[in-house]
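Asker: Sequence:
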Amino acid sequence: MKKYLTRISQVYSAKNKLERSIQGFIKNNDRLLIDEKDLNQFKAQVIQHINFLNQEFQKCTPKSPSWFHCGETKQRKDWSISGIDCIVFYVHEVKSEYEITKLDN
Numbered sequence: 090m091k092k093y094l095t096r097i098s099q100v101y102s103a104k105n106k107l108e109r110s111i112q113g114f115i116k117n118n119d120r121l122l123i124d125e126k127d128l129n130q131f132k133a134q135v136i137q138h139i140n141f142l143n144q145e146f147q148k149c150t151p152k153s154p155s156w157f158h159c160g161e162t163k164q165r166k167d168w169s170i171s172g173i174d175c176i177v178f179y180v181h182e183v184k185s186e187y188e189i190t191k192l193d194n
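Here the sequence shown stands for residues 90 to 194, where the numbers follow my numbering.
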């Protein structure tokens, strides 16, 4: 089964409480390993939580998050979130797993 790894690429200066809250939420989801069967639910929950934060901080300009394919090749599909300009967040398809096998001498 395919797996996906979350990764934060860059964090920019937060301009307000909404952006600080989004950054904190995304940082809590950094470097997670997600099964393919859970990927759509994970992406939906990220969007849902950011929309919740928009409601929590209504005085701030709301964010309009959405997912898009980035770096799509025949070998893998990666995702990134747009509409959030205070942090760069990726979900990378894991190419393969590395295993060390012991050789009996």
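Hints may contain errors.
[Stated by the list, open to error] Below 30 Å or equal to it, Euclidean Cα-Cα: the simulated DSS-like pairs (lysine-lysine) are: (1) Lys104 - Lys91; (2) Lys184 - Lys91; (3) Lys116 - Lys92; (4) Lys104 - Lys126; (5) Lys126 - Lys152; (6) Lys132 - Lys91; (7) Lys92 - Lys104; (8) Lys92 - Lys166; (9) Lys166 - Lys126; (10) Lys148 - Lys104; (11) Lys166 - Lys148; (12) Lys126 - Lys106; (13) Lys166 - Lys91; (14) Lys92 - Lys152; (15) Lys92 - Lys132; (16) Lys166 - Lys152; (17) Lys148 - Lys91; (18) Lys91 - Lys116; (19) Lys184 - Lys92; (20) Lys132 - Lys184; (21) Lys92 - Lys148; (22) Lys106 - Lys184; (23) Lys148 - Lys106; (24) Lys148 - Lys116; (25) Lys148 - Lys184; (26) Lys106 - Lys91; (27) Lys184 - Lys104; (28) Lys126 - Lys148; (29) Lys184 - Lys126; (30) Lys116 - Lys106; (31) Lys152 - Lys106.
[Unchecked claim] Just the calculated beta-carbon pair ranges, DEER-fashion: (32) Asn129 - Ile189: 30 to 36 Å; (33) Tyr187 - Ser153: 16 to 22 Å; (34) Asn117 - Ile189: 16 to 22 Å; (35) Val177 - Ala133: 16 to 22 Å; (36) Ser102 - Gln130: 30 to 36 Å; (37) Asn105 - Gln137: 19 to 25 Å; (38) Val183 - Gln147: 18 to 24 Å.
Since the hints were made in silico from the structure, they are not lab data.
Nothing here was measured: the structure is a model prediction, and the numbers come from that model.
For every residue, glycine included, the Cβ atom is placed at its ideal position computed from N, Cα and C.
Asker: Each hint: holds or not?
Answerer: Hint check:
1. Lys104 - Lys91: Violated, at about 37 Å.
2. Lys184 - Lys91: Holds: Lys184 and Lys91 sit about 8 Å apart, inside 30 Å.
3. Lys116 - Lys92: holds, 20 Å
4. Lys104 - Lys126: violated, 35 Å
5. Lys126 - Lys152: holds, 27 Å
6. Lys132 - Lys91: The hint holds at about 16 Å.
7. Lys92 - Lys104: violated, 34 Å
8. Lys92 - Lys166: holds, 11 Å
9. Lys166 - Lys126: holds, 15 Å
10. Lys148 - Lys104: Since the Cα atoms of Lys148 and Lys104 sit roughly 13 Å apart, the hinted pair holds (cutoff 30 Å).
11. Lys166 - Lys148: Violated. Lys166 to Lys148 sits at ~36 Å, over the 30 Å cutoff.
12. Lys126 - Lys106: violated, 33 Å
13. Lys166 - Lys91: OK: Lys166 and Lys91 at ~11 Å, within 30 Å.
14. Lys92 - Lys152: OK: Lys92 and Lys152 at ~28 Å, within 30 Å.
15. Lys92 - Lys132: holds, 14 Å
16. Lys166 - Lys152: holds, 25 Å
17. Lys148 - Lys91: Violated: Lys148 and Lys91 sit about 41 Å apart, past 30 Å.
18. Lys91 - Lys116: holds, 23 Å
19. Lys184 - Lys92: At roughly 8 Å apart (the allowed maximum being 30 Å), Lys92 and Lys184 satisfy the hint.
20. Lys132 - Lys184: holds, 20 Å
21. Lys92 - Lys148: Violated, at roughly 38 Å.
22. Lys106 - Lys184: violated, 37 Å
23. Lys148 - Lys106: Answer holds: Lys148 to Lys106 is near 9 Å, not above 30 Å.
24. Lys148 - Lys116: holds, 23 Å
25. Lys148 - Lys184: violated, 42 Å
26. Lys106 - Lys91: violated, 36 Å
27. Lys184 - Lys104: Violated. Lys184 to Lys104 sits at ~36 Å, over the 30 Å cutoff.
28. Lys126 - Lys148: Between Lys126 and Lys148 the Cα gap is close to 37 Å, so the pair fails against 30 Å, i.e. violated.
29. Lys184 - Lys126: holds, 16 Å
30. Lys116 - Lys106: holds, 15 Å
31. Lys152 - Lys106: holds, 12 Å
32. Asn129 - Ile189: 30 to 36 Å: Holds - the Cβ-Cβ distance for Asn129 and Ile189, about 32 Å, lies within 30 to 36 Å.
33. Tyr187 - Ser153: 16 to 22 Å: violated, 38 Å
34. Asn117 - Ile189: 16 to 22 Å: For Ile189 against Asn117, whose Cβ atoms are near 31 Å apart, the range 16 to 22 Å is violated.
35. Val177 - Ala133: 16 to 22 Å: holds, 20 Å
36. Ser102 - Gln130: 30 to 36 Å: For Gln130 against Ser102, whose Cβ atoms are near 31 Å apart, the range 30 to 36 Å holds.
37. Asn105 - Gln137: 19 to 25 Å: holds, 21 Å
38. Val183 - Gln147: 18 to 24 Å: violated, 38 Å
Hint violations for this structure: numbers 1, 4, 7, 11, 12, 17, 21, 22, 25, 26, 27, 28, 33, 34, 38, all remaining hints satisfied.
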